[in-house]
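**Q** As you go down the protein sequences, you meet chains A and B in turn.
Each position in the first sequence, counted from 1, maps to that position plus 662 in our numbering.
Each position in the second sequence, counted from 1, maps to that position plus 29 in our numbering.
Since the hints were made in silico from the structure, they are not lab data.
The hints are all genuine.
Derived, one-sided and incomplete: chain B residues facing chain A with beta-carbon distance under 7 Å:
| # | residue |
| --- | --- |
| 1 | Asp-66 |
| 2 | Ala-143 |
| 3 | Tyr-170 |
| 4 | Glu-172 |
Cβ coordinates follow ideal geometry from the N, Cα and C atoms, glycine included.
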Amino acid sequence: MLSELQRQIGDFVLGRTELAPAGIRDDGITPAMRLAIHRHSARTALTKALATQFPAVERLVGAGFFAMAAARFIASEPPNSPRLLAYGEGFADTIAGIEEAASVPYLADVARLEWACGRAAGFEYQQPISIDALAALAPEHAPLARLRLHASMRLLELDHPADTIVNAVLADDDDALARLDPLACPVRLAVYQRAQRVIVSRLDAAEWAFVQGLSQGQTLGSLVAQAGDTAALLLAAQFTAGRIGEIDADGG
Amino acid sequence: MPSGVGIGLHFAHHAAVLADPAAVAWVEIHPENYIGDRRRLRELARIRRDIPMSFDGVGLSLGSAGGICDRHLGDLAELVDQFEPVLISEHAAWCRSGNRFHADLLPLPLTEEALDIMCRNVERTQERLRRTILVENPSTYLEFIASKMSEPEFLTSLARRTGCKLLCDVNNIVVSCANHRLDPLAYLQALPAGAIAEIHIGGHAIESFGDGRSLRIDDHGSAPPDDVWALYDAAIARFGRLPTLLEWDNAVPALDVLLAVAASATNRAPAHVV
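Turn these sequences into a full structure, and let the hints guide you.
**A** Right, dumping it as structure tokens:
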């Protein structure tokens, strides 16, 4: 059956088995040697796709280590589509599980940030709304309104300052890399698209709680009550930063 | 139909092509490289305004026993509607099994079962795209004991049963025939001339195993070597000066080098070898 043969060949090509299927002519160049050409070609294409998604990770560990990590990921989580722009979800977790990467404890967080940036960049453009939309609400409706974060928004809570690390690595800024303490602090990041660029903003604890509330669909009244005196400032800051995508005046 | 010799389009050449579109006869893209990439699709739309464009798919997996992925076919149909490519081609190969994509064009046993599957998938593709597609002969590195026909016989039956056209990749013929000790000219002669609608040329590598044995690898990493040019001369003698496309996907040179190699194809003379 062709379907079974294709499953077996596919497993070999993706590195999930070393056993070549039966039924391939062997004339001294063995079936495994011949199938290895396809494995090499597939790994090269998929590793290149991952390196495009995770350029800072590749620079931090070098091409050889990156290729090893990529091969593990390809075998365990092969792509489900030829749309390779969307390939790499879960790569950070694979990196976190690689023993040899333990000496670079921030590597998985760098991968998480790069993945979030790639997803935000791929989003269809959406104009953020201005604070005028809020002012236009009838006062009695405002407490029940819900603000929706920009559709491209990803919120990340990381153990390591991956934003500073990525910037320094991609800028080849050795001085900045030497200065930073990668273990210094956890960071809370808002990653989103604005004017067709990806923005990575650090949020403090109060702003993080506020934005989390927005992402969970809390009403404006509830958010303002929780934020207290800082509510007006926090609210205005989200509009100014272009993080609000739409306003649901009915509170539905 | 595009005329002249086109080139495979690379992201790195977008700006140069846009700067001087008249220098390029036509371009071919792999749609999979663009699906979902809004920025590059915008660039591509600008290129398409000035230059004829063909699509050469590498992700449809026409040979998959499990059929074609609805989502990918839908994505492709959207691009076809938007860009109206002058030619649409895919490969007599497969790259998907179950829910896994394998990122390479993998070989089919040349059996009635595989032919039936290819026919079903080609028909479905042509219905969805509302276009006749071209199916390209792949480079192969292995043979299946179960195969019951030659590759030209397989492709001839496919074209007859589905009405599809064929893309004759002369580089792939040179590669496959060297790997399986077949005569490339005999392969060319066995193709149905009336069904051939496009020709690909390109370069390949040779991997030696240290004991005198070697395999040719279709890496598209260099200019066509002499034996590919010789077979191209025979191909244009047999099929006429069909739209021809230069593939160069690795170690891609500057645009002017690609255009110079493409121009040299324009100057080749038909060679009647049989």
